[in-house]
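Taking the hints into account, I'd like the entire structure generated from these sequences.
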Amino acid sequence: GAGVSQSPSNKVTEKGKDVELRCDPISGHTALYWYRQSLGQGLEFLIYFQGNSAPDKSGLPSDRFSAERTGGSVSTLTIQRTQQEDSAVYLCASSPLAGVGEQYFGPGTRLTVT
Amino acid sequence: ILNVEQSPQSLHVQEGDSTNFTCSFPSSNFYALHWYRWETAKSPEALFVMTLNGDEKKKGRISATLNTKEGYSYLYIKGSQPEDSATYLCAQGGAQKLVFGQGTRLTINP
Numbered sequence: 001g002a003g004v005s006q007s008p009s010n011k012v013t014e015k016g017k018d019v020e021l022r023c024d025p026i027s028g029h030t031a032l033y034w035y036r037q038s039l040g041q042g043l044e045f046l047i048y049f050q051g052n053s054a055p056d057k058s059g060l061p062s063d064r065f066s067a068e069r070t071g072g073s074v075s076t077l078t079i080q081r082t083q084q085e086d087s088a089v090y091l092c093a094s095s096p097l098a099g100v101g102e103q104y105f106g107p108g109t110r111l112t113v114t
Numbered sequence: 001i002l003n004v005e006q007s008p009q010s011l012h013v014q015e016g017d018s019t020n021f022t023c024s025f026p027s028s029n030f031y032a033l034h035w036y037r038w039e040t041a042k043s044p045e046a047l048f049v050m051t052l053n054g055d056e057k058k059k060g061r062i063s064a065t066l067n068t069k070e071g072y073s074y075l076y077i078k079g080s081q082p083e084d085s086a087t088y089l090c091a092q093g094g095a096q097k098l099v100f101g102q103g104t105r106l107t108i109n110p
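Same order as they appear, the protein sequences are chains A and B. The letter at position 96 of the first sequence is residue 96 when you use the numbering used here, and the numbering goes up by one with no holes. The letter at position 29 of the second sequence is residue 29 when you use the numbering used here, and the numbering goes up by one with no holes.
Hints in this document: simulated from the structure, not taken from any laboratory. Any given hint could be a false lead.
Stated by the list, open to error - Simulated crosslink set (SDA-like; lysine to any residue; CA at most 25 angstroms straight-line): (1) A:K57 <-> B:N29; (2) A:K57 <-> B:N3; (3) B:K58 <-> B:S24; (4) B:K69 <-> A:G101.
These numbers come from a predicted model, not from an experiment.
Spelled out as C-alpha cells, the structure:
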C-alpha cells in the first residue's frame with residue numbers, strides 16, 4: 001500500500017518568506033508526527049497529532065512554526081518569516097495508534113533558507 | 001544520561017566483517033526503544049521496537065539487544081554488505097513522541 005508522502009521534496013526559499021510543507025499519512029493512521037533534522041543534529045520532535053485530541057506542540061522551536069491536520073488526515077507544517085537556522089530536513093511520520101509501535105516515515109522535505 | 005546517545009558517530013567496516021554499535025538512554029521511566037535505518041534519499045525504516053529488559057530481536061543479519069536497567073541497546077550486523085551502508089538511529093519512545101540519538105553513520109567498504 002501507499003506509504004507516507006511529503007511535498008515538496010526540496011524547497012529553497014529566501015529568508016523572511018513563509019513556507020508550507022505537506023504530509024499525507026498512511027490511510028487509517030490516527031497518529032501523525034513532525035520531526036526535523038538540522039545539519040549535524042539528530043532527529044528533533046516538533047509536533048504530534050492523535051485523532052481529534054489537542055496536538056502536542058511542545059517541540060515547536062518558536063511561534064513562527066505552526067501545524068494543522070485537516071480531517072484527521074493531511075497535515076501542513078507552516079514556517080513563517082523563515083530564518084537560515086530553519087534549514088533542515090523535515091520528516092513526517094504516522095502510526096496506527098500512538099504508543100509503542102513503530103512509526104512510518106515519509107521521505108522528508110529538504111528546506112534551504114538562503 | 002539525560003539524552004539518547006549513540007556511539008560511534010561514524011564507522012567504516014570492510015565488507016564481510018561484523019560490527020556493532022551502541023545506544024544509551026535514560027533508564028528511568030522507560031517505555032520503548034526503537035531502531036531505524038536511514039539510507040540516503042530514502043525514508044527512515046523501522047528495524048526493531050523493543051520493550052522488555054533482556055529482549056533480543058533479529059532480522060536477517062541484523063540483531064539488537066536491550067538492557068533497560070542500565071539503559072543501553074546494542075545493534076549488531078553480521079557479515080556486512082554494501083547495502084548495509086546507512087545511518088542507524090535509535091530512539092527512546094514515549095507514549096507520544098520519539099527522542100532520537102544523533103545516529104551512527106555506517107559505511108561498508110567493498
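Handout entry: Hint check, failures only
Key = none
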